[in-house]
Amino acid sequence: MCKSCYHCGEDVPANTDFKVEILGDIRDMCCPGCETVAQTIVDSGLVSYYQYRTAPAEKADLVPEQLQALIHYDNDDVQAEFVRNSENASEVTLSLEGVSCAACAWLIEKQVSAKSGVVSIRVNTTTNRALLAWDKSQTRLSELLSTIHQLGYKAAPFEADKQEAAYHEQMKQYLYRLGIAGLATMQVMMLAVALYLEVFGDLEPEFKNYFRWVSLIFATPVMLYSALPFYINAWRSLRSRTLGMDVPVSIAMIFAYFASLVATVTEQGEVFFESISMFAFFLLVGRFLEMRARRKAAAASGNLLKLIPAIANKLDGEQVPVKTLKVGDQIRVLPGEHIPADGKIIRGRVHIDESMLTGESLPVVKQVDDFVFAGTLNGEESFELEVTSSKADSMISNIVRLQDEAQLSKPKIAEIADVVARYFVAVILIIAAATWYFWHSSKPDDAFWIMLSVLVATCPCALSLATPTALTCATSRMGNLGILLRKSHVFETLCKVKHLIVDKTGTLTHGDIEIDNVTLFSDRSKEDVLAIAASLESHANHPIARAFKPYLSSDVVVDQVENVIGSGIYGQFDGQDVKIGSAQYVLGEGKEAAANTVYLSIGGTHVANFSYRDPIRSETKEFIEKFQKSGVKVTLLTGDTKANADLVAAQIGIDDVVAGAKPQDKLAYLKNVDEGDVTMMIGDGINDAPTLAGAHLSVAMGGGADVAKASADMVLLGDRLDRILEARELALQTRRIIKENLAWSLGYNLLILPLAVAGFVAPYFAVVGMSASSIIVISNSLRLLKEKGR
Numbered sequence: 067m068c069k070s071c072y073h074c075g076e077d078v079p080a081n082t083d084f085k086v087e088i089l090g091d092i093r094d095m096c097c098p099g100c101e102t103v104a105q106t107i108v109d110s111g112l113v114s115y116y117q118y119r120t121a122p123a124e125k126a127d128l129v130p131e132q133l134q135a136l137i138h139y140d141n142d143d144v145q146a147e148f149v150r151n152s153e154n155a156s157e158v159t160l161s162l163e164g165v166s167c168a169a170c171a172w173l174i175e176k177q178v179s180a181k182s183g184v185v186s187i188r189v190n191t192t193t194n195r196a197l198l199a200w201d202k203s204q205t206r207l208s209e210l211l212s213t214i215h216q217l218g219y220k221a222a223p224f225e226a227d228k229q230e231a232a233y234h235e236q237m238k239q240y241l242y243r244l245g246i247a248g249l250a251t252m253q254v255m256m257l258a259v260a261l262y263l264e265v266f267g268d269l270e271p272e273f274k275n276y277f278r279w280v281s282l283i284f285a286t287p288v289m290l291y292s293a294l295p296f297y298i299n300a301w302r303s304l305r306s307r308t309l310g311m312d313v314p315v316s317i318a319m320i321f322a323y324f325a326s327l328v329a330t331v332t333e334q335g336e337v338f339f340e341s342i343s344m345f346a347f348f349l350l351v352g353r354f355l356e357m358r359a360r361r362k363a364a365a366a367s368g369n370l371l372k373l374i375p376a377i378a379n380k381l382d383g384e385q386v387p388v389k390t391l392k393v394g395d396q397i398r399v400l401p402g403e404h405i406p407a408d409g410k411i412i413r414g415r416v417h418i419d420e421s422m423l424t425g426e427s428l429p430v431v432k433q434v435d436d437f438v439f440a441g442t443l444n445g446e447e448s449f450e451l452e453v454t455s456s457k458a459d460s461m462i463s464n465i466v467r468l469q470d471e472a473q474l475s476k477p478k479i480a481e482i483a484d485v486v487a488r489y490f491v492a493v494i495l496i497i498a499a500a501t502w503y504f505w506h507s508s509k510p511d512d513a514f515w516i517m518l519s520v521l522v523a524t525c526p527c528a529l530s531l532a533t534p535t536a537l538t539c540a541t542s543r544m545g546n547l548g549i550l551l552r553k554s555h556v557f558e559t560l561c562k563v564k565h566l567i568v569d570k571t572g573t574l575t576h577g578d579i580e581i582d583n584v585t586l587f588s589d590r591s592k593e594d595v596l597a598i599a600a601s602l603e604s605h606a607n608h609p610i611a612r613a614f615k616p617y618l619s620s621d622v623v624v625d626q627v628e629n630v631i632g633s634g635i636y637g638q639f640d641g642q643d644v645k646i647g648s649a650q651y652v653l654g655e656g657k658e659a660a661a662n663t664v665y666l667s668i669g670g671t672h673v674a675n676f677s678y679r680d681p682i683r684s685e686t687k688e689f690i691e692k693f694q695k696s697g698v699k700v701t702l703l704t705g706d707t708k709a710n711a712d713l714v715a716a717q718i719g720i721d722d723v724v725a726g727a728k729p730q731d732k733l734a735y736l737k738n739v740d741e742g743d744v745t746m747m748i749g750d751g752i753n754d755a756p757t758l759a760g761a762h763l764s765v766a767m768g769g770g771a772d773v774a775k776a777s778a779d780m781v782l783l784g785d786r787l788d789r790i791l792e793a794r795e796l797a798l799q800t801r802r803i804i805k806e807n808l809a810w811s812l813g814y815n816l817l818i819l820p821l822a823v824a825g826f827v828a829p830y831f832a833v834v835g836m837s838a839s840s841i842i843v844i845s846n847s848l849r850l851l852k853e854k855g856r
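In this note's numbering, the protein residues as written are 67 to 856.
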């Protein structure tokens, strides 16, 4: 007898041996294709496909749709668009569907973290996103996505357009459910008025029972359709042995419905159909408004990604999808277009609007060899650029990722609140059962109503929303200020800063340095010494080094260059040693240094001084004064000479000056700061990197060195110091709003619980109170999105 393929149902050819173990038995396969697909289904944890399918798979579509989508994400070319790879792990931002509370986030984190190869996963319930890091050598992305699907949630790599479409679809479904619940509530309430208020006088028993059956007919669609999201969330929680926010709500509605159903069928006891419909209606209204508020809070970062166009123009005129661009591709950006990828200008001089990154409305001039970023807006001239980063590694994608990371941070008080919220549901269920038992012995007719009120009124939804909504809104505002958050502790630490440590050049000053005067001490010409100095300084990335860039000459080449961080640069020119830098480094110990001067020696002979101008930023003085008035100690810590440092310090009012500090000296100073002082370091150069890494909180200037930005907790993209003051005010306001949210949510639950247990809270008021509590918390958090002056 010929065997059938377990996968596709076709006959298994003779003399073949393709087998896969499925559901505990060895199954025959007809070909290598079916064998491979079946094994992939099993390995991906989707074996339930075989349990619930109604027909064998088609040859033309061997893989079930769900698995096709997941396996698709294991492709390296596909992953290049959204996966960020490092030496230690791969990282992706996921969109999640079905996450409604802190218990959902905890469940996903717990289950996925237990999988082999997972480095970390953190879920944000406000934005419905997760940051997942995993080791590709140990597990596949499709397997991890499958794990989330098995928990009852949907997960896919975050794409702004797709998440927005999913959001609109979800809102449409909620409106349908809300409409049915609203219509049913109106109809059932009219019948309830007739039943309870006896508006028709002495109603015959058969008519009363008729009204009950009509109420049952109206309430049933509400139970089976409108309230379905609450049951699904509750089932997910119970199946995973956790207690989510929708568990007590679902229990209350199901108990009320079946109690009313029994009363209707037996014609004995009270019915609660109007309350069931009203429960669902008010709960859905609250959830609908809550979702809209969350969406508003989470929209900022997603909107950034929408600025990246879908199509790019190659130099040969071919139009290609942006997601297919690779490093090294050359493209043309037309006037008025958003730039499709991070890159370096290879032809053209243009004005770029970078306000979406820096918060500054004035366009920035860019020319050949300057870098531009995806999503920024080109001015009135076309230009050509060479792509330097994939979409996943672009500046705008990194901003979104870092914002998501910052939103996932939680103050200690919030972490405690999440734990309390998780266990509070269990306490509610116990208290509700005890309440029913108590009242059943004294007032059996009211016991069920009172238990219902306890279950609904005390659901800790607001408690679980108190922190994430505030952090999401605050992070969005930080982005509007032109501040990129790189570490999760920024909001907490900003509130505690007691000692501000600042660099000078490029931080307190503009760093747009110009060579003001050249003093010669040999027979070499001004052009010669400038060209030699420019060749040396081309190996550095400091604002002073950039001042020599206009004087570079292809005829003058210095080799064997060595960058002596914090002192200067050494090299060989025409067989002679050349040095440029501080007086101490170039001329030797004991030499007096002039302010704003760089020294050059050739063959050990002093040949030139270069005087430069570096204007102080217009906002610097007020910035320093405001920190000092708030009780923060301010120190100027610079590698520049004492003469230069004192000159700047005197103009802006800093008394504590540490000059001539090498990188190790700066770090040593930081370690000797009073133990109780929380330090904030602001810098921009390579020599600031160790200190930035060592401070409690560090800020790098956006125009500074990449090493400095990589070491910092925050990056000031627009180089405006006064934005740090706004950031500190925002951090203080965020802390205050989180405390207000927690105080309100905890206070509400502690107040409503004894009232509900005592029987003073009607079920419909309990529903309104619970929904209103969540909406109040979210609305309070949304105040953080409001900009000054509005």
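To be clear, the hints were calculated from the coordinates, so they are not data collected in a lab.
It should be emphasised that the depicted structure is a prediction, and the values quoted were computed from it without experimental measurement.
Some clues are possibly wrong.
Stated by the list, open to error - In silico DSS-like cross-links for lysine-lysine, where the CA-CA straight-line distance does not exceed 25 Å:
#1 Lys410 with Lys692
#2 Lys69 with Lys202
#3 Lys708 with Lys553
#4 Lys562 with Lys692
#5 Lys564 with Lys410
#6 Lys176 with Lys220
#7 Lys389 with Lys564
#8 Lys410 with Lys389
#9 Lys380 with Lys392
#10 Lys615 with Lys592
#11 Lys699 with Lys564
#12 Lys737 with Lys562
#13 Lys220 with Lys238
#14 Lys553 with Lys380
#15 Lys176 with Lys615
#16 Lys657 with Lys692
#17 Lys708 with Lys687
#18 Lys564 with Lys553
#19 Lys220 with Lys202
#20 Lys392 with Lys410
#21 Lys687 with Lys699
#22 Lys852 with Lys562
#23 Lys699 with Lys657
#24 Lys695 with Lys564
#25 Lys728 with Lys657
#26 Lys852 with Lys805
#27 Lys389 with Lys202
#28 Lys85 with Lys69
Unchecked claim - Pair ranges (Cβ atoms, derived):
#29 Gly245 with Asp77: 31 to 41 Å
#30 Phe324 with Glu175: 32 to 42 Å
#31 His605 with Glu688: 46 to 56 Å
#32 Asp382 with Asp589: 20 to 30 Å
#33 Glu175 with Lys562: 20 to 30 Å
#34 Glu384 with His417: 35 to 45 Å
#35 Asp91 with Ala838: 49 to 59 Å
#36 Val623 with Asp436: 49 to 59 Å
#37 Lys562 with Tyr735: 11 to 21 Å
#38 Leu249 with Lys562: 46 to 56 Å
#39 Ile682 with Lys592: 23 to 33 Å
#40 Leu713 with Glu384: 30 to 40 Å
We treat Cβ as the ideally placed atom computed from N, Cα and C, and that holds for glycine.
Hints, verified against the model:
Proposed proximity of Lys410 and Lys692 is contradicted: the alpha carbons are some 39 Å apart, above 25 Å. As the CA atoms of Lys69 and Lys202 are separated by approximately 38 Å, the hinted pair breaks the 25 Å bound. About 33 Å separates the Cα atoms of Lys708 and Lys553, which puts this hinted pair outside 25 Å; it is violated. Of the supplied pair hints, the one linking Lys562 and Lys692 holds, its CA atoms being roughly 15 Å apart against a limit of 25 Å.
Proposed proximity of Lys564 and Lys410 is contradicted: the alpha carbons are some 40 Å apart, above 25 Å. Only pairs whose Cα atoms come within 25 Å are accepted, and Lys176 paired with Lys220 is accepted, the gap being roughly 16 Å. Between the alpha carbons of Lys389 and Lys564 the distance comes to roughly 46 Å, so the proposed pair goes past 25 Å and is violated. With a C-alpha separation of about 18 Å, the suggested pair Lys410 and Lys389 falls inside the 25 Å cut-off, and the hint holds.
Pair hint Lys380 plus Lys392 holds up; C-alpha atoms about 12 Å apart against a cutoff of 25 Å. Using a Cα cut-off of 25 Å, the hinted pair Lys615 and Lys592 holds, with the two alpha carbons roughly 15 Å apart. Note on Lys699 and Lys564: the hinted pairing holds, with a Cα-Cα distance of about 6 Å set against a maximum of 25 Å. In summary, the hint linking Lys737 to Lys562 is supported, as the alpha carbons are separated by about 18 Å, within the 25 Å threshold.
Between Lys220 and Lys238 the CA atoms are separated by roughly 18 Å; this keeps the pair inside 25 Å, and the hint holds. Proposed proximity of Lys553 and Lys380 is contradicted: the alpha carbons are some 37 Å apart, above 25 Å. For the hint linking Lys176 to Lys615, the alpha-carbon distance of about 54 Å lies beyond 25 Å, and the restraint is violated. Note on Lys657 and Lys692: the hinted pairing is violated, with a Cα-Cα distance of about 37 Å set against a maximum of 25 Å.
Between Lys708 and Lys687, the direct Cα distance comes to roughly 19 Å. Compliance with the 25 Å bound is thereby established for this hinted pair. For the hint pairing Lys564 with Lys553, the CA-to-CA distance comes to about 19 Å; that is within 25 Å, so the pair holds. Taken as a hint, the Lys220 and Lys202 pair is honoured in the structure, with Cα atoms around 21 Å apart against an allowance of 25 Å. Pair hint Lys392 plus Lys410 holds up; C-alpha atoms about 13 Å apart against a cutoff of 25 Å.
Pair hint Lys687 plus Lys699 holds up; C-alpha atoms about 15 Å apart against a cutoff of 25 Å. Note on Lys852 and Lys562: the hinted pairing holds, with a Cα-Cα distance of about 23 Å set against a maximum of 25 Å. Using a Cα cut-off of 25 Å, the hinted pair Lys699 and Lys657 is violated, with the two alpha carbons roughly 32 Å apart. The straight-line distance between the Cα atoms of Lys695 and Lys564 is roughly 12 Å, inside the 25 Å bound, and the hint therefore holds.
For the proposed pair Lys728 and Lys657, the alpha carbon gap of about 18 Å is at most 25 Å, so the pair holds. Straight-line distance between C-alpha atoms of Lys852 and Lys805 comes to about 19 Å, which keeps the hinted pair within the 25 Å bound. Distance hint between Lys389 and Lys202 is fulfilled; the C-alpha atoms sit about 22 Å from each other, no more than 25 Å. Only pairs whose Cα atoms come within 25 Å are accepted, and Lys85 paired with Lys69 is accepted, the gap being roughly 12 Å.
Judged by the Cβ atoms, the range 31 to 41 Å given for Gly245 and Asp77 is violated: they are separated by roughly 52 Å. In this structure the supplied range 32 to 42 Å holds for Phe324 paired with Glu175, their Cβ-Cβ distance being about 35 Å. At about 37 Å, the beta-carbon gap between His605 and Glu688 misses the expected band of 46 to 56 Å. For Asp382 paired with Asp589, a C-beta distance near 54 Å fails the hint of 20 to 30 Å.
In this structure the hint that Glu175 and Lys562 lie 20 to 30 Å apart at CB holds, the actual value being about 28 Å. At roughly 27 Å, the beta-carbon separation of Glu384 and His417 lies outside the given 35 to 45 Å, and the hint is violated. Separated by about 55 Å at the C-beta atoms, Asp91 and Ala838 satisfy the suggested range of 49 to 59 Å. At about 24 Å, the CB distance of Val623 to Asp436 disagrees with the hint of 49 to 59 Å.
Against the hinted window of 11 to 21 Å, the Cβ-Cβ separation of Lys562 and Tyr735 comes to about 20 Å, which satisfies the hint. About 54 Å separates the C-beta atoms of Leu249 and Lys562, a value consistent with the hinted range of 46 to 56 Å. Taking the beta carbon of each, Ile682 and Lys592 are about 28 Å apart, inside 23 to 33 Å as hinted. Leu713 and Glu384 have their C-beta atoms about 56 Å apart, which leaves the hinted 30 to 40 Å range violated.
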